[in-house]
Amino acid sequence: MFEAIAFYLFAFLTIVMFYITVTTSQALYALTALAAGMIFISAFFFILGADFLGAVQIIVYTGAVMAIYAFGMMFFDTTRDVKEKKGNKLIVVGLSTVAAILVVLIFSAPMISTNMIAFYPSIEGAGNTQEVGMVLFTKYLIPFEVAAVMLLVAMVAGIVLAGKKMDLSITLMSGAEIEDIKKDQDKKVLS
Amino acid sequence: MEKYLYIALFAPLVSSLFAALFTATPKKQFVGIIASLFIFTAFVSSSILLTHILNGGEVVHVEMMTWMATGDLYIPFGFVVDQVSVTMMMVVTLVSTIVHIYSIGYMDHDAGFNRFFSWLSAFVFSMMVLVMSDNFAGLFIGWEGVGLCSWGLIGFWFHKEIATWAANEAFIMNRVADLGMLIGIFLVYWNTGSLQYDIAFAAMPALETSTLTWIGIFLFIGAMGKSAQFPLHTWLADAMEGPTPVSALIHAATMVTAGVYLVIRSHELYDLIPNVGLSIASLGAFVAMFAASMALVNRDMKRIIAYSTLSQLGYMFVAAGLGAYWVALFHLMAHAFFKALLFLGAGNVMHAMHDELDPFKMGGLKKPMKWTFIMMTLASVALAGIYPFAGFFSKDLILEVAFVEHHYIIYTVLLLTAGLTAFYSFRLIALIFHGEERYKLFGIDPHEAYKYMLVGMSPLLLLAIIAGSFKISYFEMVTNLLPEIEYHIHHPITFWIMTIGTQLFVIAAIIFAYKKYANSNVKVPDGTSAMENSIGYKILKNQYYIPYAYEEYIVKPYRELSSLFWQQIDMKVVDATVDGIAGVIYSTGERTRDMQSGNLSTMLKWMVAGTVGLLSLAVVFGLAVRHSDEIFAILSGLGA
Amino acid sequence: MEIGLNHYLVLSTILFTIGLAGVMRRKNLLLLFFSTEILLNSVNIAFAAISHYYGDLTGQMFAFFVIAIAASEVAVGLGLLIVWFKRHGNIDLETMSSMRG
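Chains as they are written, first to last, in the working numbering: chain A, 1 to 191; chain B, 1001 to 1640; chain C, 2001 to 2101.
Honestly, the hints are just simulated from the structure, not real lab data. Quick caveat: nothing in here was measured; it's all calculated off a predicted structure. There's no promise every hint is true.
With a Cα cut of at most 30 angstroms, we get these calculated DSS-like pairs of lysine-lysine [unchecked claim]:
| hint | chain 1 | residue 1 | chain 2 | residue 2 |
| --- | --- | --- | --- | --- |
| 1 | A | K182 | C | K2086 |
| 2 | C | K2086 | A | K187 |
| 3 | C | K2027 | A | K89 |
Just chain A, same shape as in the assembly (with noise of 0.2 angstroms):
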């Protein structure tokens, strides 16, 4: 019963944030729909008991990819309001919906039909953090590597893309150094 409602509330929030997110024109309040929406999602996984899952999705999602957002609107002149082309809005619409009937349908056809094997079934007994990290260690481990390494590569990418002056390099240069380059810069300022 109570999984019924959570989940009846829980889905009634999430659609209506991302649908604000969607057709907002605002894209401050777009960011703020979008958070909420995460939030809500870790719910879902909370309910499954995903638990590793939910709290994963909180810290990365809510925390890091919304973080990085919010950063990024800073940049931008988010004051203004977002234009939006006039578009037809049924073609949009029954597009997508057309669309994502199609995927789920395709993929869990197999699931319809009434043979299934677990390949990694769940464990009673343990806790979801647990086996979780049972299985991400041992039969995962190489994607997670690999997903360790992606996620290097992508933050020394950010730091490329959006650093300034990155050919200086002010660690290794001396004190003297360093004020010269103040006063060029002063020189600059003031002339």
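Chain A is fixed; fit chains B and C onto it per the hints.
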């Protein structure tokens, strides 16, 4: 013996290709000399083969290589030298050699000297293929080849529009007749299963008469085109636009006789259908009279000689139609000699008179052009059929054939035509060589042709005189192949009355011609005399208005029809369809170009749309695969 | 009433639709990225639901990796967006049409 066959066949081809190397360069005399040497080589080979056959040698039959071997159809490149073909070969190569030598002098000042010899030798090669081939397909190749070379030679001076028009007329008229011949060849293959002469003719007695009649008629239609029988005769007179050596070779001795050769070669067929033979003979008699009548009043020297050729071709067809094939071949041979001689002489006169063709503007040329005068007169005597020249033995023989076979109408027509022939031939001689020197009014200073040209023409003169003496040996040789029928008139009195009567009639015509045209009262007609305005004269002068009728009732409507097809159907329908297809593709491309707008939003929409499409297809096919058995059952239920 | 797998799948479909509509509709590049996040999240829900109802941990693993990848994607994407903004001054999709055909 085979090597002589190949030499005789391919020497003209080598000559033609050799001369073709020089067509783009200015005149080089050695091209003409070497070409003549090659053709002379072919003549020597033909003579060797002739001696071989005359001495009772075996017929030489070679198969050079296979042309088509598909299914039941087997056509080789095969050549046969038998009695008929060796006669033709000898005639063709002899006249060709003389014409080549003559052309070295005649085309002396022409810029297209090298090209002329290339075409001329190519013509000789095609004619050799025609007469030496042993199947209908090879005959047809030679047939088309001579048509093509004749086109090239008639239209040799292609800057003159009338020459190109005459060339086109000749070729197209021949092509129309070739359609008939092709149908005939198809019928031969269909009914007998082979195109080889020996196999086809052996199978013919087993066929129905109606089939044989059709084959005979269609093959004769082809012969009608080549030998310019009525109604496909207008091209021969217009073909005089070409250089005179061309007229001598092609339109006197060789190409126009190809039709006669065809009938002679197919004698086994025509023996089985005597009705068709009779109609061929009647048509031949009609043409003989018809052409002679047009030559009576013509004022173009070469055209008179052309009509004379046409008339004599009629004689040959009479003989062939009545079954006297060896007589037709004999007349073909004799006629080749004296007609070629006449044409070459006319060429001399033309050159001397600076290409003037009206005999009324000449006159009294026997003094400056003695040898040409002698040759042309003797050739005309031979043509008229006076004893003991060659024409007597061949032409009078045809008259005898007609009489003996009880075709008295044909006999009368041919007799009258003989008189007309003598009249117009000597009218020409009298106007050109006798009487007052009218050419002085036009300021022309004539001179005789080069010595070597005259020397080259002399063998023809000799043969025109003595060819009659070959009759016996020729008869013995050729009747090994052709039906051996001797034509005797039983009553000796009838025979002598006929012969002497014919001679007297002809001589009277000659004297009449001389009286009328060799005196000094002859003036250049200028369109005012009573004779010129009489209806008979006008009809004859305009060739019975037949060319006019062809132009008005055939050529013009056809041109209108062609122009209609071009503008209405080709341009509006066919072109429009093709352009329309291209236009549709182009506009489709233009419109779908908007897909690549660069606008990410639009492209994302397209991407989703595409994905949706592909996924739907995947679902449909997946369901079909899963339920394939039921679908199969439904479909087969529908089919039944 | 009993919440079955179908409920979750329907929810996932609805969210996916919303996300896709947003991807197609948005003209501001940043908001386009937001829509992409929605897409990824809907798929995560589906994975987790299937994993729960079939007693298999594979779904959760997949969702886990999807989160990791989404995070790195955001990092790189935003970096690129910043570079573009510095060069062009706006991030409107209408102006990014240099790849037109």
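Results of checking the hints against the structure:
1. A:K182 - C:K2086: The hint holds at about 24 angstroms.
2. C:K2086 - A:K187: Holds, at roughly 24 angstroms.
3. C:K2027 - A:K89: 14 angstroms, holds
No hint from the list above goes unmet by this structure.
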